[in-house]
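Read off the chains here:
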Amino acid sequence: MKIAVCVKQTFDTEAKIVLKDGKISGDGINLIINPYDEVAVEEAIRIKEKQGGEVVVVCAGGDRATEAIRQALAMGADRGVHIKVNDPDVDEYARAVMLAEVLKEQGADLILCGHVAADDGSSQVPTRVAEILGLPHANVVTKLELGDGKAVCTREVDGGMEVMEVALPAVITCQVSLNEPRYPSMKGIMQAKKKPIANVDAVAVESKAKIIELALPAAKQAGKKIEGEPEDTGKQLAEWLLNEVKVEVKQ
Amino acid sequence: MAEQFASKRNIRFMLYEVFNAEELTQYEFYQDHSRETFDMIIDTIWKMGVDFLYPLYQELDKNPPQFVDGQAKVHPATRQFMRMCGEGGWINANWSYEDGGQQVPLLITFVNSLIMAAANCGLSGFPALTTGAANLILNFGSQELKDLYLEKMVSGEWQGTMALTEPDAGSSLADIKTTAVDTGEGYYKIKGQKIFISAGDTDATDNTIHLMLAKIEGAPPGVRGISLFVVPKYRYAKDGSLERNDIWCTGIEHKMGFKGSPICTLVMGENNDCHGYLVGEPHMGLSYMFQMMNEARIGVGIAAVGKATAAYYDALEYTKQRLQGRKPSQKDPTTPQVPLIEHADIRRMLLFQRAVCEGGLSLALQLSKYVDLAKVGVEPEKHELLVDFLVPIVKTFPSEYGILSTSAAMQCLGGYGYCQDFPVEQHFRDIRIDPIHEGTSGIQAQDLLGRKATMKNGAAYRLFMEEVKRTIAEAVEIPELKPQAEALAKGLEVMDDVTAYLLNVRKEKGPEEFLADANLYLEMTGLLAIGWQWLLQGIVAYRALQNQPSEGDTKFYRGKLVTMKYFFTYELPKANTLAHVMKTSQGLTANMDISLFDEE
Ligand SMILES: Cc1cc2nc3c(=O)[nH]c(=O)nc-3n(C[C@H](O)[C@H](O)[C@H](O)COP(=O)(O)OP(=O)(O)OC[C@H]3O[C@@H](n4cnc5c(N)ncnc54)[C@H](O)[C@@H]3O)c2cc1C
Ligand SMILES: Cc1cc2nc3c(=O)[nH]c(=O)nc-3n(C[C@H](O)[C@H](O)[C@H](O)COP(=O)(O)OP(=O)(O)OC[C@H]3O[C@@H](n4cnc5c(N)ncnc54)[C@H](O)[C@@H]3O)c2cc1C
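Chains A and B supply the protein sequences, listed in that same order. If you read the first sequence in the numbering used here, its first letter stands for residue 1, the second for the next number, and so on. If you read the second sequence in the numbering used here, its first letter stands for residue 252, the second for the next number, and so on.
For the record, the hints were derived by calculation from the structure and aren't laboratory data. In this text, a Cβ means the ideal position worked out from N, Cα and C, and glycines have one as well. Fair warning: there could be bad hints in the mix.
Restricting the straight-line Cα-Cα distance to at most 27 Å, the calculated cross-link-like pairs of lysine-lysine (DSSO-like) are [stated by the list, open to error]: (1) LYS259(B) to LYS193(A); (2) LYS259(B) to LYS224(A); (3) LYS195(A) to LYS50(A); (4) LYS150(A) to LYS104(A).
Examples of chain B residues lying across from chain A (beta carbon under 8 Å, computed) [unchecked claim]: (5) MET252; (6) MET291; (7) LYS298; (8) ASP804.
A few chain A residues that don't get close to chain B, going by computed Cβ distances all over 10 Å [to be verified]: (9) ILE24; (10) ILE32; (11) ALA74; (12) GLY121; (13) LEU144; (14) MET164; (15) TYR183; (16) LYS187; (17) ILE212; (18) PRO217.
Assemble the whole structure, with the sequences as input and the hints as a guide.
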C-alpha cells in the first residue's frame, strides 16, 4: 500500500511568539511537525510495518520545511516531497491546490493528514484536498481499520462515536487519540539523511483569502481586589459582578 | 513546576558557537554526522524530556521504589523508559557501526544526558548505568561475553550495573572482600556482599547484569589484586536457556533523594552457586574500571548541572511572578509590591545559579570534546592528559557548587522553596548524592593533588595551564574582557605558587600534611577552570554582539557577559582565600590530636 502523509511545519507549541512588523518573527524559534500530522505519520508507518508498502511525506513550505520532512523520515517514512512555497501567507485554498497537484501525481492508496494545524487551526486543507481530488473523506478519526479496498473509520462525534466506511483511495484526518507517535530512533536519524527528498515547485495559484492583521492575545487583565469587612466585601463583590462583569441573574 | 527545565538556546550556543561541534564531522569516525543529525538527536531527547520525563519528575519522588518479592519494585515508567532508550539506540549511540552504535560524539550524547537529568534525574540513571556496564564488556570482555550479553543490554531489556561498593569498602576499593574461585569450567564462583548498588535488582528489566569487582583467591593484596566479573542475575545454562544465579537482593535503602533509582544490597554465593565470568585478564579489574570511570564521572558532573539547571528555571519563573516587598528607594507603602526579581539580592542569587550551571556545563562539554578528539587520534596523549587532569574537577565542581546553586534556588522561593508545592526542595535533595557517589569529593581531591597534578612530571598540569593561557591571550585583546583575562592570569599564578608550596610540604612534612587540604585545592582549581570556561563563553558572546544579532540573541549574549562578570567579581576571588588558607593551615587538621573532639 502506498500512503501519502501531508505534514505541516509549525512553531514549537512551547515557543514564545513575538510579532515583528505585523508578522510572526521566526528568530530563534524552534519549528516542529504539527503534532496532529505527527500522529498521521505514525499511523502510516504502523500500516506499512503491518502490511508493507511505502510512506511518502509531502510538505509545502519554506526552506526549513525539510527539517520536518527529515523528522518524519527519521520516524520511518520512506521518502519526502518538498513543495517549495516562499510566501508564508498563502491561504488554505492555495495550499490545498498545491498539495493536491503533487498528491495526484503520487497516486497514493491512502492520504493521511492531521485534522488541524496547531498554529492557524483552520482545519480546511485536507477537506479541500479531498474535494479537489474527488476522493472520499473522513475527519477527526480516532481508530482506523483497513480492509479490502476500504477503510473503516471511527470518529468522535458529540456525545459518542460514529463508525463510517470509505472506499480507498481516501483522505483521512487523524485525531491525537489515534496513536502515540514514536520518537525517532538513533538509527532512524542516520538513515533519514540518506532517504530521498524531491524538491518541486508549487503550482502557480492565487490565494482567495488574505491575512489583514495578526495580533497577540490581550495581556491578562489585573484582578480586582476587594478589601474590608466580610459583610461589606460580599456586597461589593455582588455589585461588581452585576454591574461590571454583567453576570445575568435568572430569577 | 516551571515550564522550562533547561535551555535549548544555551545548548545551541555551547555546541555550535563555543565548541564548534560540526568540526568533529571532518574526522572519518563522525563523518556521517552533521549539524542536522546533531539537532535531530537533541530535538528527539528534548521532546522525550518535555513529554515523558519531566511530567514524571515529582511522581517518582512521591512513589519511591518498594522492596517486594526480593527485588525493588520501581515506577512502571522505568521499564517503559528503558525500552524507549533501547529501541531508540540511545544506550549505545556512541559505539561504532560494527558494534551496533551510530558513532555519535560524546559532545552530543552528554547534551542528551544533561536534558534527561534536568527533566528527571531518577529515570535517567537507568540507561546511563547500562551504558557504563556495556562499555566495560565491549572494551575488555571476550567475544563470548559480548555475544551473550550486549544485545539485550543495549536494547534496554537487561539492566547493567556497577557493583563495587561493600560494607567495608566504599572509598577504599582495595579492601573489597568478595571472592572469586576459578572452577576451571569457564566460570568463577563468587561469594560476598555488595551494598548501595544502583538498579541492583528491579522489576524494570527482565535481567540484571552486574559488572562486579571481586578478588580471585590468592590474588595480591590491594588494588593490584582486584578482578572484574560479569555476574548476571539470570545466567545461561548449558542448553542456552536462562537459569537463576545465586545472587540475591536482600533489601533497598531509604534515601534522602534521587529516589527514582533504588540502591540495593546484594548477597552472592549463599548457596555456593553464584557464577561469575571474568572480564579481560585477572587482577586488572580496577584498571578497567578506571578507564571507563572518566566518562562516568563526566556524567555525574553533567547530571549535577542538569538538576541545578532545572532548579534555576524554577527560581527564575517564580521570582518573575511573585510580588513581594518594594525597592529600597520606594518609600511610599501604598505603592504596589514589586516582583522579587526586582531585588538586587535575588538577581545575585539567580546569577550565581546561572554561573554555576552554565559554567559547569561548559567545562563538561569541553572535556567531552577532548574525549571525542582523542578517540579519533587527534593529539590523543594531550587530550587524554587534559581529561585525566580535569575529571576530578568536572565531577566535583558541579556537584558541590550545584548543591549551593539549588539551595540558592530554594532561597529565591522563600518559604515555598522549602515546601513540596514546588520541586525545588526535591532538586536540593536529589543533587546531594553527587559529591558522594562515583568517588567522594575527598577522594577526587586526593586524585587531583596527589596524582593528577604531578603525573608524568606535571605534564597534565602544564597542559591545563597552557589551555587556559591560550584563552586568556585571546581575551586580553578584547578591552571589554581584559579585566577578567587578567584576573584569571593572576589566578593561575596563585595556583602555581600554592602547588609549588604544597609539593614542598610533601617533601618536608610528608603525605599527610600534603593532602590534608586537597579538597581546598580541588575547589580552587575548580573556580579557575570555571573562570576559564566563562572567559571562553565571554569571547564568543562578545564577538557575536559585534555582528548585529537579533533582539533575542542580543539579550542572550549580553546575559552571558553579565553572568561572566558576576563569576569573576563574586566567585573567582574565593580562589585567593583558598590559596591563602592552604599556605597558612600548617597541618592544623592533619596533626591535630583527635581526642580533642572528646568532651568527657
Ligand atoms: C545513591 C547512591 C548510589 C550509589 N550507587 C552505587 C553503585 O551503583 N555502585 C557502587 O558500587 N556503589 C554505589 N554507591 C556507593 C558509593 O559509591 C559510595 O557510597 C562512595 O564511594 C563512598 O563510600 P562509603 O559510602 O563507604 O563512604 P566512606 O568511604 O566511608 O567515606 C565517608 C567519608 O570519608 C571520606 N574518606 C574515605 N576515605 C578517605 C580517605 N582515605 N581519605 C580522606 N577521606 C576519606 C570520604 O571522602 C567521605 O567523605 C552509591 C551510593 C549512593 C548513596
Ligand atoms: C517551616 C516554616 C515554618 C514557618 N513558621 C512560621 C510561623 O510560625 N509564623 C509565621 O508567621 N511564618 C512562618 N513561616 C513563614 C516564614 O517566616 C516565611 O516563609 C519567610 O518570612 C519568608 O517569606 P516568604 O516565604 O513569603 O518569602 P518571600 O518573602 O517571597 O521571599 C522570597 C525571597 O525573596 C527575598 N526577598 C523578599 N523581599 C525582599 C526584599 N525586599 N529585598 C530583597 N530580597 C527580598 C527573600 O530574602 C527570599 O530570598 C514559616 C515558614 C516555613 C517554611
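Tested hints:
no. : hint                   : result
1   : LYS259(B) to LYS193(A) : 23 Å, holds
2   : LYS259(B) to LYS224(A) : 37 Å, violated
3   : LYS195(A) to LYS50(A)  : 21 Å, holds
4   : LYS150(A) to LYS104(A) : 19 Å, holds
5   : MET252                 : 14 Å, violated
6   : MET291                 : 5 Å, holds
7   : LYS298                 : 6 Å, holds
8   : ASP804                 : 7 Å, holds
9   : ILE24                  : 13 Å, holds
10  : ILE32                  : 8 Å, violated
11  : ALA74                  : 6 Å, violated
12  : GLY121                 : 21 Å, holds
13  : LEU144                 : 23 Å, holds
14  : MET164                 : 31 Å, holds
15  : TYR183                 : 5 Å, violated
16  : LYS187                 : 5 Å, violated
17  : ILE212                 : 25 Å, holds
18  : PRO217                 : 17 Å, holds
Against the hints set out earlier in the document, violations occur for numbers 2, 5, 10, 11, 15 and 16.
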